[in-house]
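Going line by line, the protein sequences match chains H and V.
The numbering of the first sequence is numbering that gives the first Met the number 0, which starts it at 0 and goes up by one.
The numbering of the second sequence is numbering that gives the first Met the number 0, which starts it at 0 and goes up by one.
Think of the hints as simulated: they come from the structure by calculation, not from any bench.
One thing to keep in mind: the hints can contain errors.
[Stated by the list, open to error] Result set (DMTMM-like, lysine to aspartate or glutamate): computed pairs, CA atoms no more than 25 Å apart in a straight line:
| # | chain 1 | residue 1 | chain 2 | residue 2 |
| --- | --- | --- | --- | --- |
| 1 | H | K90 | V | E72 |
| 2 | H | K175 | H | E69 |
| 3 | H | K21 | V | D68 |
| 4 | H | K21 | H | E113 |
| 5 | H | K58 | H | E113 |
| 6 | H | K175 | V | D68 |
| 7 | V | K12 | H | E168 |
| 8 | H | K175 | V | E72 |
| 9 | H | K21 | V | D42 |
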Amino acid sequence: MISNNTINKIDNKFLHVEKNSKTIFGFWLYLVSDCIIFATMFAVYFVMMHSISNGPTGKEIFQLSVVLIETILLLLTAIFSGLTNIAVYKKNLRCVILSLLINFILGLGFVSLELLEFYHLIIEGYSPNRNGFLSAFFTLIGMHGIHIIFGMLWIIVIIFQTLKFGVTEMIAIRIKCLNLFWHFLDIIWMCIFTFIYLIGVL
Amino acid sequence: MYIFNRKLSIFRKKIKSYLLGSIYSSVLTFLPFLLVMQHIFSDKILLFTIILCFILNFFVHCRYFLHLDTSIENRWYLTVVLFTCTIIFIIISGSLWIMSNLHNY
Numbered sequence: 000m001i002s003n004n005t006i007n008k009i010d011n012k013f014l015h016v017e018k019n020s021k022t023i024f025g026f027w028l029y030l031v032s033d034c035i036i037f038a039t040m041f042a043v044y045f046v047m048m049h050s051i052s053n054g055p056t057g058k059e060i061f062q063l064s065v066v067l068i069e070t071i072l073l074l075l076t077a078i079f080s081g082l083t084n085i086a087v088y089k090k091n092l093r094c095v096i097l098s099l100l101i102n103f104i105l106g107l108g109f110v111s112l113e114l115l116e117f118y119h120l121i122i123e124g125y126s127p128n129r130n131g132f133l134s135a136f137f138t139l140i141g142m143h144g145i146h147i148i149f150g151m152l153w154i155i156v157i158i159f160q161t162l163k164f165g166v167t168e169m170i171a172i173r174i175k176c177l178n179l180f181w182h183f184l185d186i187i188w189m190c191i192f193t194f195i196y197l198i199g200v201l
Numbered sequence: 000m001y002i003f004n005r006k007l008s009i010f011r012k013k014i015k016s017y018l019l020g021s022i023y024s025s026v027l028t029f030l031p032f033l034l035v036m037q038h039i040f041s042d043k044i045l046l047f048t049i050i051l052c053f054i055l056n057f058f059v060h061c062r063y064f065l066h067l068d069t070s071i072e073n074r075w076y077l078t079v080v081l082f083t084c085t086i087i088f089i090i091i092s093g094s095l096w097i098m099s100n101l102h103n104y
């Protein structure tokens, strides 16, 4: 027979956020509408894909090795987001901070690789004002990059909040939203590397 | 003790779900890259495999990372996703259809 107090103590070891929280559902609605913005950009890209007046085709400018490294970085962020979720559930402060920091560094690596790719393209004269294909391409990839940058800012804010307040239920809901955001960006990147890079290279 | 066991089992389920998800999605991500970089098959088979991998990867992400299933807790989440898929289908197929007609004349 264990006392009520012990049960409470054991109960406090885990932090379970119910999924029917209104905040998370509201954030889900935001993500889904963001999906529609990306879908319109994909539609523009598919329409513009063949309008290459005097520029290069996708096959000539895409470097699959760089894209592969970017993909690995984003896949790792998805895995570390899962680790953050588990750490929050276990209320392990150090593990939460560590996995958020790793996510931040991986995001930084991704953005810098993307900027490097853009820099090389522009140096070679393939800037967005060259033709319709290139402007649609730069808009779509740039939009994804901007989302990643905002996600990184969000991670910094969350790290400071976690250090100040500890792993409370409020923080747990915020981290859950952040993780949903990263998984969403990962799904968008999946669409990008499948429909733009891999099919463009074929 | 009962509550503790239940929470521990939820915890183990979470870890298992993330592990399975990462394994599946890394296989489904690297397979198309490998096939395209080596270019073993013809273009048609490659295109089919790439799109198949994408669809499977999408479902893996929804199931293991976003924890979407058909339980009552998730009913509204799923409804929203299905609605968005309809809208996205209309946007993409509609604009492709109209613009391809426009290019023909």
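Structure-based check of all given hints:
1. The straight-line distance between the Cα atoms of K90(H) and E72(V) is roughly 24 Å, inside the 25 Å bound, and the hint therefore holds.
2. Pair hint K175(H) plus E69(H) holds up; C-alpha atoms about 24 Å apart against a cutoff of 25 Å.
3. With a C-alpha separation of about 18 Å, the suggested pairing of K21(H) with D68(V) holds against the 25 Å cut-off.
4. Of the pairs offered as hints, the one joining K21(H) and E113(H) is violated, with about 35 Å between alpha carbons and a cut-off of 25 Å exceeded.
5. Between K58(H) and E113(H) the CA atoms are separated by roughly 18 Å; this keeps the pair inside 25 Å, and the hint holds.
6. This hinted pair checks out: K175(H) and D68(V) have alpha carbons roughly 17 Å apart, not beyond 25 Å.
7. A hinted pair counts as satisfied when its Cα atoms are at most 25 Å apart, and K12(V) with E168(H) qualifies at roughly 21 Å.
8. Under the criterion of a C-alpha separation no larger than 25 Å, the hint pairing K175(H) with E72(V) is consistent with the structure, at around 16 Å.
9. In summary, the hint linking K21(H) to D42(V) is not supported, as the alpha carbons are separated by about 47 Å, beyond the 25 Å threshold.
When held up to the earlier numbered hints, the structure conflicts with 4 and 9 and fits the remainder.
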